[in-house]
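Asker: Numbered by mature numbering (1 follows the signal peptide of the UniProt record, and there is no 0), the letters in the sequence shown go through residues -21 to -1, 1 to 493 in order.
Bear in mind the hints are in silico, worked out from the structure with no lab data behind them. One should not assume that every hint holds.
As the list claims (entries may be wrong) - Here are the simulated DSS-like pairs of lysine-lysine, each with C-alpha atoms no more than 27 Å apart in a straight line:
#1 22 x 11
#2 11 x 383
#3 22 x 418
All values derive from a computational prediction rather than experimental measurement.
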Amino acid sequence: MHFNRRSSILLASGLASHVLAANVSTLATRLKAISADVFPDLKDIAVDIWNNPEIGLDEHHAHDLVVDYFTTQRPGEWIVTPHAFGMPTAWRLEFEFTVPARSPNTPLPVIGFMSEYDALVGIGHACGHNHIALNGLAAASMARQAVIDLGIPARIVLMGTPDEESEAGKHTLLEAGAFDGVDVWFMAHPTSTSAVQPMNARINAIANFRGGSHNDVVRSAYEALVAVSDRAAAGLPGTSSTAVAVEDVGMFECNIVQSQISLGINGSSLETVQQTVSSILDSTFPGVTFTATLDSDGGVNLTSFGPGGHASDSTKGPLVLTVKTFQALSSQQGVTFYLPGNTTATALDITFDIRSRFTLDLDSVLDVVTATVGNLAASISTDTVYPALEVTPFIPDVFINLLKTPDYGSQTNWGISTFAPASTDASWLQGAVVDPTTKALIGADRVVFHPNFGICPPGTAHCAFNHEPPFRDLAGTDFSYTQTEIVARALAQIAVELLNDPVMMANATAILGN
């Protein structure tokens, strides 16, 4: 006889039915008391992570903070695995609790939490991963104590996942089996506004430009930038597709719009460059400024400044201003271009951060971008795909309704959105399956609940978005830590309720049976 996953869940719940469900009517109050005990120390870990940012795969200090705390300050509470699954900066905490009345042959219900803790090149925790680390640590710790207090048989896993930003650390962990045996995973991400929403699909195309001279390679690279910009403006395949360029010079990261870019111009006067740039710079370049000066390389050094930001955002930034300037001046007789301070280089790489709302459309967008670059580049390579993360049913409504209650601040600003603001490697373990025609979610390997919560204080006139340098400061405020505590406590409550109620768990995981 064959049972699908949903049937198996219901059968298992029937076998365990002789263990009475706990009374969770006062769970919210209980979790407040638990949080008062566990959260302060965990916040200290997060503050330490914020003060000591480490880029992906180099998060040794963050790794050691967590491992040392749970082995020396909270010994015996968790099975602690450092350097988990072959990744030097991954860690795993695991906990099991059972009661005598439960059959030893009945699998324990299980919930997983995830923490991230990698920072960004040059701008520290401007994506707020110190809060993702804290959210996982706090939610798992609160849920652990609650199931003990209430006598709920359960297994809880907390996975420390390195390098979300650049190399999809969760993909590496998935292939190593880190997420096996756990159908529901929770994490939460700080940002400028609160919403349960999907995340887009992403791939980076790294175009390598080579030339006989420095001027030749800069011209080829900028001609490609113009071509891709024009093609994107005309419309890319798929839904909400973008191709945002990052110049691989200085301090850069593939998914960060640089806040400063320089382009040298020979064969044109300082006055002409200034007038040209001024005519281009308008309100469609928010927060962008420039300087143009004569430099030691014999030309005009145009340096463009801006807020930077997330590569999912197609807002015109500093690099775009230099591209438009190149476009305006490149046809003039005798004008050449160079990279100030780097005029001997005959190689330049440009990363095109390519995104689309649905994974199914990503290849077609990539094909258009690579065809547009064409022979201007010597070669084009790609990195690891980040699939789209979809919003699975049931848990989002439970979460939003819980946050409306007084115990969680009577928050009415939450909703379920269809807008995908960024990407996440958590999509790898979700393994979403969407209908190729309607793009509706029809199945998944695992339920991954990934709410995005706002950390901007009320009344803030303008709130920085992730990957903008000012977001780093937001991620260090007392208000941001208060918001993380609330969201972590809410996730802990839902986790405990799922562990306690087989029917609720079956509803939450019903999408997995398709």
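Asker: Next step is simple, just say for each hint if it's right about the structure.
Answerer: Do the hints match the structure? See the list:
1. 22 x 11: Given that 27 Å is the threshold and the Cα spacing comes to 15 Å, the pair holds.
2. 11 x 383: Measuring from Cα to Cα gives roughly 16 Å; hence the hint holds.
3. 22 x 418: 40 Å, violated
Violated hint: 3 only; the structure is consistent with all others.
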